[in-house]
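Given the coordinates of chain A, work out where chain B should sit on it, guided by the hints.
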Amino acid sequence: MLLSASSIAQTKRISLDVKEQSFSDVINQIEQQSSYRVIYNSSKIDTTKKVTISVNKQSLENTLEKLLEGSGVSYVLKNNQILLIESKSSSSDLKSQQSERLISGKVLSSNNNFPLPGATILIKGTSAGAITNIEGQFTYLLKGNNINNLILEVSYLGF
Amino acid sequence: MYNLESVSQPITFHTLNIPFGKTFKVTLSDGSIVHLNAGSSLKYPQQFNTTGNRKVFLQGEAFFKVNKDEKRPFMVEANDIAIKVLGTEFNVNTSSLNHYADCILVEGSVLLSSNNGNEVILSPNEKATWDITSKAFNISQINTKLYTSWVHGELIFEDSNFSDISNKLTQFYNIKIENRNNSLKTQKFSGTISLKHSSVENILDLLINDTPFSYIKMDDNTIIISNNQP
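Chains as they are written, first to last, in the numbering used here: chain A, 29 to 187; chain B, 814 to 1043.
The hints are simulated quantities; they were obtained by calculation from the structure and are not laboratory data. Predicted, not measured: the structure shown is a model, and the values here were computed from it. Cβ coordinates follow ideal geometry from the N, Cα and C atoms, glycine included. Watch out, some of these pointers could steer you wrong.
Claimed, not checked - Which stretches of chain A does chain B cover? Using the computed rule of at least three CB atoms under 8 Å from a CB of chain B, they are:
no. : region
1   : 62–71
2   : 103–109
3   : 148–162
As the list claims (entries may be wrong) - DSBU-like mimics (lysine-lysine), calculated; alpha carbons at most 30 Å apart, straight line:
no. : chain 1 : residue 1 : chain 2 : residue 2
4   : A       : K78       : A       : K106
5   : B       : K958      : A       : K134
6   : A       : K72       : B       : K998
7   : B       : K1001     : A       : K171
8   : A       : K47       : B       : K998
9   : A       : K40       : A       : K78
As the list claims (entries may be wrong) - From the derived model, a few chain A residues whose C-beta atoms are all more than 10 Å from chain B:
no. : residue
10  : K47
11  : S50
12  : Q57
13  : V83
14  : K85
15  : N90
16  : L95
17  : L130
18  : L169
Only chain A is shown next, with the shape it has when bound in the complex:
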């Protein structure tokens, strides 16, 4: 039963048939048809420009890809919340996505698996990094063109 309920939620489809309407109108229509909500930096994303789009019972991902194609805008989706961002370069989407990656994780003590607050996670060879919170968790945005080859160093000073 649980499985079927979640598959229904996932197959929530979006249909649009708009001609020369503003980008913000289209966003409103997507929000009305789904539980997704959209935010964006108002000085970077122009939502007044007119768009024409027609999709029939498409997934959110397909709908957004079609809507944003060639617009210089891309999106990040997390827990039903969408952020619109400027593509670094609309012709090399893949490359720009690779230059940033949000990492997160949890640091546990090796002898009893307890979360370690205040542990330091550093990018090897630099002083950049993050510190874990009370639950031993950290998040950090890696930036650069060599993300795949970065090494993280975790250290912790016990009592």
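Same frame as chain A, but now just chain B:
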């Protein structure tokens, strides 16, 4: 259906105090509905009198959906102002710290009066702000959705500073946010946040993709936002 009270009966008042991180909906004895925002408090009678005003007292913010009763006007007393209505939908926001008060009218008509005798009648899609220094009401045209979306568990922003968004998140998620990132301070955002589907961390994890920063959550429920490179 029932009309038990008599005019002479002493009125018993209830007071609702809503903590930060919570909102609450209460139905009054006349069927009027009040949505109370986080950190607000409402004093109201268990039963309204059969004659005279239906009077309640507000600190903080509330959205009122008042049932029509022309014989018994509905009154909200909030800080230095009083709001009198017959039957309508409106939002009231006050702060006792700086004697701030405003009223947003969704439909119908309301009469606002101040404790120094100023009066103003508000039309739908108007906002009246009580100015403590000039002791007068300022009226402006507004989009009511921006002020009432919290009733439906959403926050709508229109070209809002990050600090405004941060203040709202503080109120709704009962968390402290300390922003030490100057670049983020100057950014402005628009759009909608669903309070029940999202979280402060979720919003921050997304905004990092727009304006790079790093954040940590301290054990006292404070989130500290700093520059990306220490």
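Against the structure, the hints come out as follows:
With a cut-off of 8 Å between beta carbons, the region 62–71 of chain A has 8 residues touching chain B; three or more are needed, and the interface restraint holds. With 5 residues having a Cβ less than 8 Å from any Cβ of chain B, the region 103–109 of chain A passes the three-residue criterion, so the hint holds. With 7 residues carrying a beta carbon less than 8 Å from a beta carbon of chain B, the region 148–162 of chain A meets the three-residue requirement, and the given coverage holds. Distance hint between K78/A and K106/A is fulfilled; the C-alpha atoms sit about 27 Å from each other, no more than 30 Å.
With a C-alpha separation of about 40 Å, the suggested pair K958/B and K134/A falls outside the 30 Å cut-off, and the hint is violated. Proximity of K72/A to K998/B is assessed by CA-CA distance (about 15 Å); at most 30 Å being required, the pair is judged to hold. Among the hinted pairs, K1001/B with K171/A is consistent with the structure: their alpha-carbon atoms are about 23 Å apart, no more than 30 Å. Distance restraint check for K47/A and K998/B: the Cα-Cα separation of roughly 37 Å exceeds the 30 Å cut-off, and the hinted pair is therefore not satisfied.
The straight-line distance between the Cα atoms of K40/A and K78/A is roughly 26 Å, inside the 30 Å bound, and the hint therefore holds. Listed as outside the interface, K47/A is consistent with that label: its C-beta sits roughly 24 Å from the nearest C-beta of chain B, beyond the 10 Å cut-off. The beta carbon of S50/A sits about 13 Å from the closest Cβ of chain B, which is more than 10 Å, so the claim that it is off the interface holds. No beta-carbon of chain B is positioned within 10 Å of the beta-carbon of Q57/A; the least distance is around 13 Å.
The Cβ of V83/A lies farther than 10 Å from every Cβ of chain B, with a closest approach of about 21 Å, so its non-interface assignment holds. At the 10 Å boundary, the C-beta of K85/A stays outside the reach of chain B, the nearest C-beta of that chain being 22 Å off. With a cut of 10 Å on Cβ distances, N90/A stays outside the contact zone with chain B, its closest approach being about 21 Å. No Cβ of chain B comes within 10 Å of the Cβ of L95/A; the nearest lies about 15 Å off, and the non-interface call holds.
Against the 10 Å criterion, L130/A falls within the reach of chain B, whose nearest CB is about 6 Å from its own CB. With a minimum CB-CB distance of about 5 Å to chain B, L169/A fails to clear the 10 Å threshold, and the non-interface call is violated.
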